[in-house]
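Trainee: So the chains spell out like this:
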Amino acid sequence: MTATVPRPSPARQPLTALRDRALRLAELVTTPLLPADYLDMVNPLRAGTDLRGRVEAVHPETRDAATLVIRPGADWRPHVPGQWIRVGVDVDGVRQWRAYSLTSDRTRTDGCISITVKAMPGGKVSNQLVHRTAPGTLVHLDQAAGEFVLPTPAPAKALFVTAGSGITPVMGILRNHPELSDVVLVHSAPTADDVVFGAELRDLAAAGRIRLVEQHTDTAGQLDPAALAALVPDLTERAAWACGPVGMLEALEEYWTSAGLADRLVTERFRPTVVVAGEGGTVSFSRTGTTLEADGATPILDAAEEAGVLMPSGCRMGICFGCVLPLREGAVRDLRNGEVTTAAPGDGVLIQTCVSAAAGACDIDH
Amino acid sequence: MTVLQKKSDNPIAHLTAGDVELLGKQLDEIRQEVIDTRGEADAAYIRKVIDVHRKIELGSRAVLLASGFPPAWILGTVGLSVAKILENMEIGHNILHGQWDWMRDPKIHSTTWEWDMASPAEQWKHSHNELHHTYTNVIGKDNDLGYGIMRVDEDQPWQPFHLGQPLWSFINACFFEYGIAAYDLELGAVIAKKQTGDPEFRARGKAVLRKIGKQVLKDYVVHPLLSGPNAAATLTANFTANVVRNLWSNSVILCGHFPEGVETFEKRSIDGETRGEWYLRQMLGSANISGSKAMHLMTGNLSHQIEHHLFPDLPSNRYAEIAPKIRALFDTYGLNYHAAPLPQQVASAWHKIFRLSLPNGWLEQTTVRNLPRQLVKLYKMTTGGPKVRRALQRQAAAA
Numbered sequence: 001m002t003a004t005v006p007r008p009s010p011a012r013q014p015l016t017a018l019r020d021r022a023l024r025l026a027e028l029v030t031t032p033l034l035p036a037d038y039l040d041m042v043n044p045l046r047a048g049t050d051l052r053g054r055v056e057a058v059h060p061e062t063r064d065a066a067t068l069v070i071r072p073g074a075d076w077r078p079h080v081p082g083q084w085i086r087v088g089v090d091v092d093g094v095r096q097w098r099a100y101s102l103t104s105d106r107t108r109t110d111g112c113i114s115i116t117v118k119a120m121p122g123g124k125v126s127n128q129l130v131h132r133t134a135p136g137t138l139v140h141l142d143q144a145a146g147e148f149v150l151p152t153p154a155p156a157k158a159l160f161v162t163a164g165s166g167i168t169p170v171m172g173i174l175r176n177h178p179e180l181s182d183v184v185l186v187h188s189a190p191t192a193d194d195v196v197f198g199a200e201l202r203d204l205a206a207a208g209r210i211r212l213v214e215q216h217t218d219t220a221g222q223l224d225p226a227a228l229a230a231l232v233p234d235l236t237e238r239a240a241w242a243c244g245p246v247g248m249l250e251a252l253e254e255y256w257t258s259a260g261l262a263d264r265l266v267t268e269r270f271r272p273t274v275v276v277a278g279e280g281g282t283v284s285f286s287r288t289g290t291t292l293e294a295d296g297a298t299p300i301l302d303a304a305e306e307a308g309v310l311m312p313s314g315c316r317m318g319i320c321f322g323c324v325l326p327l328r329e330g331a332v333r334d335l336r337n338g339e340v341t342t343a344a345p346g347d348g349v350l351i352q353t354c355v356s357a358a359a360g361a362c363d364i365d366h
Numbered sequence: 001m002t003v004l005q006k007k008s009d010n011p012i013a014h015l016t017a018g019d020v021e022l023l024g025k026q027l028d029e030i031r032q033e034v035i036d037t038r039g040e041a042d043a044a045y046i047r048k049v050i051d052v053h054r055k056i057e058l059g060s061r062a063v064l065l066a067s068g069f070p071p072a073w074i075l076g077t078v079g080l081s082v083a084k085i086l087e088n089m090e091i092g093h094n095i096l097h098g099q100w101d102w103m104r105d106p107k108i109h110s111t112t113w114e115w116d117m118a119s120p121a122e123q124w125k126h127s128h129n130e131l132h133h134t135y136t137n138v139i140g141k142d143n144d145l146g147y148g149i150m151r152v153d154e155d156q157p158w159q160p161f162h163l164g165q166p167l168w169s170f171i172n173a174c175f176f177e178y179g180i181a182a183y184d185l186e187l188g189a190v191i192a193k194k195q196t197g198d199p200e201f202r203a204r205g206k207a208v209l210r211k212i213g214k215q216v217l218k219d220y221v222v223h224p225l226l227s228g229p230n231a232a233a234t235l236t237a238n239f240t241a242n243v244v245r246n247l248w249s250n251s252v253i254l255c256g257h258f259p260e261g262v263e264t265f266e267k268r269s270i271d272g273e274t275r276g277e278w279y280l281r282q283m284l285g286s287a288n289i290s291g292s293k294a295m296h297l298m299t300g301n302l303s304h305q306i307e308h309h310l311f312p313d314l315p316s317n318r319y320a321e322i323a324p325k326i327r328a329l330f331d332t333y334g335l336n337y338h339a340a341p342l343p344q345q346v347a348s349a350w351h352k353i354f355r356l357s358l359p360n361g362w363l364e365q366t367t368v369r370n371l372p373r374q375l376v377k378l379y380k381m382t383t384g385g386p387k388v389r390r391a392l393q394r395q396a397a398a399a
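As given, the protein sequences belong to chains A and B, one line each in that order.
Letter by letter, the first sequence follows residues 1 to 366 of full-length UniProt numbering.
Letter by letter, the second sequence follows residues 1 to 399 of full-length UniProt numbering.
Don't read these hints as lab results, they were simulated from the structure.
Don't take each hint at face value.
Short derived list, chain B residues pointing at chain A, Cβ under 7 Å [what the hints assert, rightly or not]:
#	residue
1	E40
2	E114
3	W115
4	K214
Stretches of chain A that chain B covers, calculated by requiring three or more beta carbons in the stretch to come under 8 Å of a beta carbon on chain B [what the hints assert, rightly or not]:
#	stretch
5	34-44
6	83-96
Here are the simulated EDC-like cross-link-like pairs (lysine to aspartate or glutamate), alpha carbons at most 20 Å apart as the crow flies [to be verified]:
#	chain 1	residue 1	chain 2	residue 2
7	B	K125	B	D313
8	B	K25	B	D331
9	B	K325	B	E29
10	B	K55	A	D37
11	B	K6	B	E273
12	B	K55	A	E27
13	B	K48	A	D37
14	B	K214	A	D37
The structure presented is a predicted model; accordingly, all values stated were derived computationally and were not measured.
Beta carbons are placed, not taken as given, at the ideal position from N, Cα and C, and that holds for glycine.
Please model the entire structure based on the sequences and the hints provided.
Mentor: What follows is the structure, encoded as structure tokens:
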């Protein structure tokens, strides 16, 4: 690999200073490679290298969902239940990154974490993780992130409204917050067999830890937010969290807002809400020298990756700002709301490439 | 070789514009087939080669710690030479072409890779990928035609310093990586134009010196010191490995475009060139090395120079697979697929270097009887100005 990778800034402690000196000496030995390139051959999970994880086990949950138990690298920082991590997986030889909620019990003694993935129809990464990942596979990781977490202290009364794989962050919360004593969970899935963690949730309900309301949409249809009040009579007294498809979240947000309870509802989206497509245009990357034609519906991030440009990326849904790059000149449209951002040379406008599509010619400083 | 456009037996005279356009489409299809099937096996291939290279390099460096023991010196030097060749050819050259960018692995990417070579990756990518691969074999545009120190085409004007080109070429081959670094810097042209004060040139020059500094420190100071009492032996081993790698990569590169029979092109001929015409120029301007799988690996698959020049960004492990299809296209269109074993191609390239060290036609017109006269003429051409040279050259051409 390369000498262009940023190195950690010099530390003040004498021990780390000594280690840094040793590292610089080792670099003289290994140049143009880095000592890390050799050390990673021996131990890819060691401290001080890119964060990776090794899949230890894959447990099927339903016919199209599985939990992956992952041993994270030494630099892993404990997460807050409800948070997600980005996982980088090579699918057909191409590195793809997706975000998944952590579902593990933090008191696990083996140091492993788990994510639970539902295979989406046509989903490259989700299908590979659920159906074609063997124990021993190395995956790339980022530290946990996300605001879909409980406050301290935890609320006395909680309501979770979830659908499909939206149960995953909530399962992470339930497993790690046994002190939550008054919980209502309203979960939607096509059938009883499609409920991810179905058995565990029903056990929790039987033990009296939660009140579980299952909405089997194949027979009962989609959950109507207006019907929630009947299902959960004390809804207004409860702090609420919702995770699921965009349509459901929007309906819930509308309902909570009209009830004057907007600040009592926290939602988590797995995908950006795309409402607007622009006209597209020629996107040029001034430093890498790549030029490509992007249509108005494709995020610049996706179009650039397709063209082989190595792009910074993050959540891919417009929330983490890991993909931000300066737009030197041109116009982009925010795919979530249609808002157009323009830049003239010298403006140095920063754009989120994962939710911005070209709205005319764009010159990006990358 | 004379530029194709001036030849009496122009090898593409039988092709119509429609033929060339169709040829371009057929080549595009071959390219797309490879792109559509690029995947896990290809990714596994390059990772394997990188892994093997690192193990050979580590192993050889470890063996060389005992380089005072002659068998260890030999084993370590052979291993290190092989490692350096793999690193430059199959790994470095091809990654820097962007052949593996599609994997989106930041550790194996043309924008992050640095190689075991005097020329920094960034500068080499410009002179090689952008200039040489775009203007392949166009006289006056593609500086790879002789690297500015050799005359490798009849249409490059003869100058007195070309008399020494067999010697320069050999020295260049031994220290090829430094030659490439100077070439990527356009050092000759910058000095000739007295532009050494240009801040952009100075910045690039500094980058080259920094890179060379690190390389020299590693091979000639740090590793020898690590060998303790065997320091001198390790230094000679590392020097030998570098020279072996330089001679090898120089030979492979000479084979790519310099063997007799490879076509060159006039500057004017590429004005408004179509995609099909560009392909055709790459087909006629490159030569392959035939040989075993090991030969292909050690040349970084530049043994498939024709396939590489048609599709410089396709993964190198796929060139062997498409070669029969490319060859069939050459046959269909009545073109000469230039392929021969390594010794033959190297000999052909060196033959050209010797032949063109003399003015056009001089050797052919020299007999035992007219030798004194011919020598006088050569002396005049060497000592006289450009006008004298041109006049005598015209005279020779008319004879």
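Trainee: A separate judgement is required for each hint: does it hold in the structure or not?
Mentor: Hints, verified against the model:
1. E40: 5 Å, holds
2. E114: At about 4 Å, which falls below the 7 Å cut-off, the nearest Cβ of chain A leaves the hint on B/E114 intact, so it holds.
3. W115: Given a least distance of 6 Å, the restraint on B/W115 holds.
4. K214: 5 Å, holds
5. 34-44: holds (count 3)
6. 83-96: Holds, because 6 residues of the stretch 83-96 of chain A bring their Cβ atoms closer than 8 Å to Cβ atoms of chain B.
7. B/K125 - B/D313: Roughly 13 Å between the alpha carbons, so the hint for B/K125 and B/D313 holds.
8. B/K25 - B/D331: 16 Å, holds
9. B/K325 - B/E29: 11 Å, holds
10. B/K55 - A/D37: 12 Å, holds
11. B/K6 - B/E273: At roughly 18 Å apart (the allowed maximum being 20 Å), B/E273 and B/K6 satisfy the hint.
12. B/K55 - A/E27: 17 Å, holds
13. B/K48 - A/D37: 14 Å, holds
14. B/K214 - A/D37: Between B/K214 and A/D37 the Cα gap is close to 17 Å, so the pair holds against 20 Å.
Violated hints for the displayed structure: none, as all numbered hints are satisfied.
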